Structures are given as structure tokens and as C-alpha cells.
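Asker: Produce the complete structure using the sequences and hints provided.
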Amino acid sequence: MLSRRFFSTTVRKLAKAEITTLSNGLTVISKPGNSKLSSIGLYLNSGARSENAYNSGVSTLFGNVLKNSSIAKKALNSGVKVSSTNAKELTGAAVASFAPGNADAAISTLGELVKNASKLAEDRVAVSEEVAKAATFAEDFENDSKKMVVEHMTATAFQGTSLALPSYGKAETLSILESQDISDFIGKNLLAANTALVAYGSDISHEKLVEAASKLSIKDGSRAPYPATSFLGSDVRLRDDTLPKAYVAISVKTPGAKSDKDYFTGLVAAHINGEFVGHDSLYTQFEGSKLSQLVYASSLGDYYKHFQLAYSDIGLWGALMTSPNIGCVDELIHFTLKSWNRMSTRTITDAELQKAKQEIKLSLSSINTDSAAQTEKLADSFFSKGLLYSDGELIQNIDSITLKDIATWADKYLYDQDIALAATGQIEDVFDYNRIRNDMSMLRW
Amino acid sequence: MFSRISTRTFSTSAARAIKVSTKAAVDSPVSSLKVVVKQAGSKSTPAGLSHLLASSAFLNTKSKSGLRLKREAELLGGSYKASVTRDALVLEATFLKEALPFFVSALSGVLTETSFKPHELDELVLPYATHVARQAAECPATKALEELHAVSFRRGLGQPLYYDGTKKYSSFDLATFAKALFTSDNIEVVGQNVDKAALDKFVAESALSKLPESKNKTVAKTAQKIYTGVESRIRQPGKTVAILGVPVSPADIPSYELVAAAVYSAIPASYNLSVKTNVLPYEEAGLYYISFASEDASEVSDGLKKAAAALKKASGAKLSQYKPFGRLFGGNFRPGGRFRLRQDCQSP
Numbered sequence: 000m001l002s003r004r005f006f007s008t009t010v011r012k013l014a015k016a017e018i019t020t021l022s023n024g025l026t027v028i029s030k031p032g033n034s035k036l037s038s039i040g041l042y043l044n045s046g047a048r049s050e051n052a053y054n055s056g057v058s059t060l061f062g063n064v065l066k067n068s069s070i071a072k073k074a075l076n077s078g079v080k081v082s083s084t085n086a087k088e089l090t091g092a093a094v095a096s097f098a099p100g101n102a103d104a105a106i107s108t109l110g111e112l113v114k115n116a117s118k119l120a121e122d123r124v125a126v127s128e129e130v131a132k133a134a135t136f137a138e139d140f141e142n143d144s145k146k147m148v149v150e151h152m153t154a155t156a157f158q159g160t161s162l163a164l165p166s167y168g169k170a171e172t173l174s175i176l177e178s179q180d181i182s183d184f185i186g187k188n189l190l191a192a193n194t195a196l197v198a199y200g201s202d203i204s205h206e207k208l209v210e211a212a213s214k215l216s217i218k219d220g221s222r223a224p225y226p227a228t229s230f231l232g233s234d235v236r237l238r239d240d241t242l243p244k245a246y247v248a249i250s251v252k253t254p255g256a257k258s259d260k261d262y263f264t265g266l267v268a269a270h271i272n273g274e275f276v277g278h279d280s281l282y283t284q285f286e287g288s289k290l291s292q293l294v295y296a297s298s299l300g301d302y303y304k305h306f307q308l309a310y311s312d313i314g315l316w317g318a319l320m321t322s323p324n325i326g327c328v329d330e331l332i333h334f335t336l337k338s339w340n341r342m343s344t345r346t347i348t349d350a351e352l353q354k355a356k357q358e359i360k361l362s363l364s365s366i367n368t369d370s371a372a373q374t375e376k377l378a379d380s381f382f383s384k385g386l387l388y389s390d391g392e393l394i395q396n397i398d399s400i401t402l403k404d405i406a407t408w409a410d411k412y413l414y415d416q417d418i419a420l421a422a423t424g425q426i427e428d429v430f431d432y433n434r435i436r437n438d439m440s441m442l443r444w
Numbered sequence: 000m001f002s003r004i005s006t007r008t009f010s011t012s013a014a015r016a017i018k019v020s021t022k023a024a025v026d027s028p029v030s031s032l033k034v035v036v037k038q039a040g041s042k043s044t045p046a047g048l049s050h051l052l053a054s055s056a057f058l059n060t061k062s063k064s065g066l067r068l069k070r071e072a073e074l075l076g077g078s079y080k081a082s083v084t085r086d087a088l089v090l091e092a093t094f095l096k097e098a099l100p101f102f103v104s105a106l107s108g109v110l111t112e113t114s115f116k117p118h119e120l121d122e123l124v125l126p127y128a129t130h131v132a133r134q135a136a137e138c139p140a141t142k143a144l145e146e147l148h149a150v151s152f153r154r155g156l157g158q159p160l161y162y163d164g165t166k167k168y169s170s171f172d173l174a175t176f177a178k179a180l181f182t183s184d185n186i187e188v189v190g191q192n193v194d195k196a197a198l199d200k201f202v203a204e205s206a207l208s209k210l211p212e213s214k215n216k217t218v219a220k221t222a223q224k225i226y227t228g229v230e231s232r233i234r235q236p237g238k239t240v241a242i243l244g245v246p247v248s249p250a251d252i253p254s255y256e257l258v259a260a261a262v263y264s265a266i267p268a269s270y271n272l273s274v275k276t277n278v279l280p281y282e283e284a285g286l287y288y289i290s291f292a293s294e295d296a297s298e299v300s301d302g303l304k305k306a307a308a309a310l311k312k313a314s315g316a317k318l319s320q321y322k323p324f325g326r327l328f329g330g331n332f333r334p335g336g337r338f339r340l341r342q343d344c345q346s347p
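Residue numbers (numbering that gives the first Met the number 0), protein chains in the order written: chain A, 0 to 444; chain B, 0 to 347.
No lab work stands behind these hints: they were computed from the structure.
Since we're looking at a predicted model, the values are computed, not measured.
Backbone N, C-alpha and C fix where the C-beta goes; we use that ideal spot for every residue, glycine too.
Each hint should be verified, as a subset may be incorrect.
The list that follows gives simulated cross-link-like pairs (lysine to any residue, SDA-like), each with its CA atoms no further than 20 Å apart [claimed, not checked]:
1) B:Lys238 x A:Asn142
2) A:Lys72 x B:Lys238
3) A:Lys289 x B:Leu66
Listed next, with one range per pair, are the computed distances between beta-carbon atoms [claimed, not checked]:
4) B:Thr129 x A:Arg123: 46 to 56 Å
5) B:Ser64 x A:Met441: 51 to 61 Å
6) B:Ala203 x A:Val235: 40 to 50 Å
7) A:Lys72 x B:Glu294: 22 to 32 Å
8) A:Arg238 x B:Ala222: 50 to 60 Å
9) B:Lys312 x A:Arg238: 49 to 59 Å
10) A:Val276 x B:Pro117: 42 to 52 Å
11) A:Ser221 x B:Lys304: 49 to 59 Å
12) A:Gly159 x B:Ala46: 53 to 63 Å
13) A:Val124 x B:Ala222: 50 to 60 Å
14) A:Ser221 x B:Lys200: 51 to 61 Å
15) A:Ser213 x B:Thr129: 56 to 66 Å
Answerer: Okay, here's the thing in C-alpha cells:
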């Protein structure tokens, strides 16, 4: 009731991203924003998932070669900073951020980078330098326990498929990559129908972007479809008693971002318990989430976050949790999974649902993130869904989710389903797979 | 109830204008509101007190409990936090556009009617403030920057940002200071993506507009004393961090932004050595610094020497070839600077 009124007052005025698809298939996306910097990014709809076990990390390497090239360094003098990013289904090959007034310099920098991409990839000396850096980074990534368990959870869930390859590559494969590998990657992926030019910020003109995009020297064509992928209930553990905590990530299989209703239901479901930061917030003990209250009162853990990772055709829904109280990790896992059961037993309250919806609306349309991250968000949702929702449509979709939808969704994808689990740190108290799997259902309600 | 009536009857003087401003709106369903309380930052209160004040924000007030505020904010779609800088105490809220009146009254409640209960100080405020301070102290980079402030300024800006437990305060102390500091002439309200007229109206209707003016308006601004040529070394586990700083007068801040760029460009890129540079613009002074962090101490000392040499050379006309990107790109303006996984931990 309340939320419907909210929606009707705002929807008319909300900004929508402008999208143009050129005749060669290249997509131009721009969205006005009021961030301090504006960004224009060249995104490929192929990331780690387009790699194979022998060239894992090549997409990351491609971005690094571009952003650390002499062209990018020169651009800094005209007020343009080039960065790059990588994900499973996306490579932000070159993202140019700039202060208002430098849009032309940013566009021409991107043009130069695209034109010279193959030449830069052939520079053996520069590439070998980047290879060393990227391999060190991939090794470093393994030391960031939170990100590491989520990455390994994905890897075990989709084991044997290319979706299991790490987003930033494996150190051992990265270190043997050469110029030729990057050139191959460019040949297969830097293709017009696989590319989007995405802009966000105050100094963005869509017409100018379209004009610039039509001048980009990108070959026509689209990349080969992703190899088939499948989910396997499984677990992977690395016990390391030198770490201060236990880190556990658990998830179930969900349909991907293209399945509209299920995608939004999963998002709302993830925000029913949302994020818990323990003592890092002064207000944790006031939170309404029932799981949060239990974990806080019993000191079961110091952090958890529920997530939905949605790829184009498949997804994962679950939670990452950490606990310095290593003797209670089994309870932390047990009660988290029991709180998931509540969605199927239909005991989620209206207030919990309302809180979840408001929280997701706030985070989906948050205004304070930096512009480069915004372009990545736009590119990611365009690539995985095949379309972009305006803020108003997002709100409408979220508002339409009812308790019944949550229950139906949970019955289908959550209740008594196989899980993928990854754990590291002091995990002697993480039970075996079957015992945790048993918590996904209940013997009595 | 009685207390509320009495405040109203006592506010005989006309409502004073609080400075209200809005930033350019963009079409988004999310708004944010910031209340900056000047003269309530760590430089102008007894050591650690302003951090305790920030850590008491959004707890029980006369009209609403901290629990109720949190639950209502969750249902309306909003989050809030209070933080302390050297110049000011900052209250921030981010929320769905329609909840503006609620958050104006929540923020004004913090400044006008926080209860400062003794049990809250012991059970919530002190543990939280100590937790934040300990986390900052465990981070070598943050600790080095704090020490740089301490040796460069000693008093004022040199005071610790966070509550370090050296002084004890009672909840009565907090209430007294809050009353003295939260005055209409110290307060600035900044809205982002909100309707200016609506914000003005809500602020005028809120308790904020009934805040008194500070009693001694003619507080002579003591000039910030600056100390140079000082060195300090702290032993601590973790990465080795070296920080080189120059306290500067506010007028010199723009030219030191060029110096920052010039010195930064003289440091060769290395994967393991993380380099940060910035010119912190405070009201009475600026602080230029360049910091080096690495597992390898020799790399740090090497970077430090190069920076010192470059700093000596950086002057005059040669500077004009550099551009002050430091402020724009967050002190990290080497191409591809975003590509770092683990931040060395947050610096204030």
C-alpha cells in the first residue's frame, strides 16, 4: 500500500539510460548522472567465461595491457584516467574517467586504444611485464579470504565448465600467457556485436558517443556462444589455522538474470536477511532481521552477506559468512540455513518483506558510487539481461514481489536443494557436506 | 511531553536561518542528506570527545528510541551514519526520495534531543568508539598519517581523530558539549537530489531551526601553528609505511597539488609498493603528504628518498606541466590505479 504510493509519485521523472544499437551490432549506452567524474567504458560481453583452462586470465590481461599502455599514460596529461575491470561474462577493456570538459579527450583515447589494441598486444616486452603483474594479482586474490571463498564456491558449483574459471585468471596459467594469446582473444571477442560503449556522468552526450562508436575500428561479428554449463552440489575446503577466522560461502542454483520474475524474487529474498556487519556498526543490535538478532546476541559470527550472482543463463543464491568464534561456525551455518527454510514455511512477515524491498531499491539506485563502477553496472545488467531497466521499472518489479512469490521461489530453488560450499580459515567446525545439506529441509514445520 | 512544551516556550527569539544548500539534482529515486556541524570536529574539542559525540548519534532521543529509529528507517528505505573529521562532525543519511521529512526530523533529533544516557555510553558508545579507534590504530598507514598530523600540528589539527581512551568522559560531559557545539551558526545542511524548497520547508519546521546561536560568537580563531623538520618512528607489526608530509597554509594548497603530482610522477611504478599522495585541505591549514607502504622496508626507504629528492626539485615554472589530478582521482592517479585488490586499509 505504502510502496505503491511511493512509486506512483516518482516514476514519471526518473532517468532512463539511452540505448542505441548500430548497424554492425555495437551497442551504445549512456546514462546521465551527477558524479564528480564521468566515465566512458569499452565493454566486451566476454570475460573469464570465454576463456578455457589453458588461457585463463587472458581477458584480464587484455584490459591490463590497454590501461597500462603508453596511450593511457599519455591520456592522463589531458585529464583522462584509464582503468580496466573483469568479471565472468564481462571485460571492461578500457574505462576512461574524466573531469567535466574532457569528454573529447576520453573518446579519442578510447578510439586510439581500440585502433592500436592488436599492436599493443604484440608488444612482447610490455605484455610480459603485465603477465608478471597479473599473476601476482591472481595470487594476491587468493589471500583475500572473503572474495576467495566466493570465487571457489562458484568454481565448485560449476566445476568442469568455463564458468568455474576464476574472474582474474589463475597464476599458473597467467604466467605462461604470451602476446599470441591476447591476439587470439582480441580476434574472437573484440567484435562489434559483442561490444558496448557505456557512459555515465554529467558530461555525456549520447549523440557524440554514437558518432564516436561508429568510427571505432572494430571488426563485425559476434562471439561464439558460451559452452554449456551445469551446477553440481559439492564443496571445497582449505583449512588454514593461521587465518583469524572461519570463512564460509554456501549457495544454491538459481535461474539466471534473463528469468525476470525469479531474478527479482531472488534479489528480494537475498535482502530479507541482507548484510550483517556485527561490531562494525553501532546500530547492528537494532536491526529488524531475525537472523541478525540471533547472530548478534549469540556472537555466532561477525559478518554475513546474502547475495545473488546472476549470469546470463544460470545463477547462484546464497550467503557468505565469517566468524572469529570458530567453535560456533556450525551453528552459524545451521541457523542461516534454517532462516532460509522460513521462506518455504511461509513465516516471513510483511515487515521483513518490506525491509528487504526498500533495502534493494536503495542499493539498486544508489547515487554515490563512482562513475566507472556505474558503467560496469550498466554494462553488466545489459549483457546479462539483454535489456536495461529504468529506475522506475526496477522499483515496479521489486514492488510487485509478494510473500507468495518468495515462498514459491523458495520451494522451487531453495528448499531441499543441493548446495555448493567453499570454506577457508579455521574451519574444523564446518560439518561435512551431507549434514549441512540436511539443513536445507526440515523434518517438521 | 512536559519537556517538549517547555523547550517551545523558551524559544522566544526568532528562528535563525540555518545554512541549507542542495547539490544538482539527477533523476534518481535516492536522495541523501548531510548535516555538517562545524567546530565539532576533533581539532576543536578535547581529545576524542567529538568521536564519542559522533558515536552517540542516532541513539535514544527524547521522542524516539534508537531501536525505533532503525526499524522505521529500514521500512522507509534509508540508512544513516555519523562520522568525525578534523574540521567537523558529519551526519549523513541516504534514503528513498519520499522519506525526506522523516530523515530531516531524524537528523535534527540527533542534534536537538539526544538523551546521552549513561548506560548507552558504557554499553554502546564506548565499545563502538574503541573498536573504530583500535581498527584504525592496527593499520600502519592510518597510524602513520595520524602521527604526521600530530607532529606537524601538535594542537588543533594535531589532535587524534578518534577516541583513544586517554581521557574519560561522562555522559553528562557529552551532553554539555553537545549543547555548546550544536548551535545554529555551526550547522550546515546539504541535500543531494532533493527539492530545495521542500528541504527548506522541512528544515524550518524541524527542531533544527530552534537551535540557539552559540553564546560566544566572537571566538577568536587561533591560527594553527605548524611544525616542520620533525621525525617520528613507531614500531608495529604489518607492512612498513613511511609518510612524508609538509604542512602548508591554506593559500598554498593549490600549488602543493601540483607539487604532489610532480613528486608522484618521479616515483617508478612497482606492484608491491603502494603509493598514495594527497593534499588534505583543512580550514586553517593544508597537509601535503606522500605515503609508501610495502612488505619490503628497503623498497619503502627507496621510495622515500626519491620523493624527498623530487620534492626539493619541484618548484617554480616547471610545475605548470603537471595537473592537479590528486583531488579528482583520490590521490591515486597513475593509470590503472583502480586495479589494486587489497586496500592497505582505510585512511581517514
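Asker: Look at each hint and say if it fits the structure.
Answerer: We went through each hint and held it up to the structure:
1. B:Lys238 x A:Asn142: The hint holds at about 15 Å.
2. A:Lys72 x B:Lys238: 29 Å, violated
3. A:Lys289 x B:Leu66: 14 Å, holds
4. B:Thr129 x A:Arg123: 46 to 56 Å: At 54 Å between Cβs, range holds.
5. B:Ser64 x A:Met441: 51 to 61 Å: Violated: the Cβ-Cβ distance is about 35 Å, outside 51 to 61 Å.
6. B:Ala203 x A:Val235: 40 to 50 Å: 59 Å, violated
7. A:Lys72 x B:Glu294: 22 to 32 Å: For Lys72 of chain A and Glu294 of chain B the Cβ distance comes to about 26 Å; the hint holds.
8. A:Arg238 x B:Ala222: 50 to 60 Å: Holds, since Arg238 of chain A and Ala222 of chain B (Cβ atoms, about 59 Å apart) stay within the stated range.
9. B:Lys312 x A:Arg238: 49 to 59 Å: 53 Å Cβ-Cβ, so the 49 to 59 Å window holds.
10. A:Val276 x B:Pro117: 42 to 52 Å: The hinted range 42 to 52 Å is violated for Val276 of chain A and Pro117 of chain B, with Cβ atoms some 26 Å apart.
11. A:Ser221 x B:Lys304: 49 to 59 Å: Cβ of Ser221 of chain A to Cβ of Lys304 of chain B: about 53 Å, so the range 49 to 59 Å holds.
12. A:Gly159 x B:Ala46: 53 to 63 Å: At roughly 59 Å between Cβ atoms, Ala46 of chain B and Gly159 of chain A fall inside 53 to 63 Å, so the hint holds.
13. A:Val124 x B:Ala222: 50 to 60 Å: 54 Å, holds
14. A:Ser221 x B:Lys200: 51 to 61 Å: 54 Å, holds
15. A:Ser213 x B:Thr129: 56 to 66 Å: 59 Å, holds
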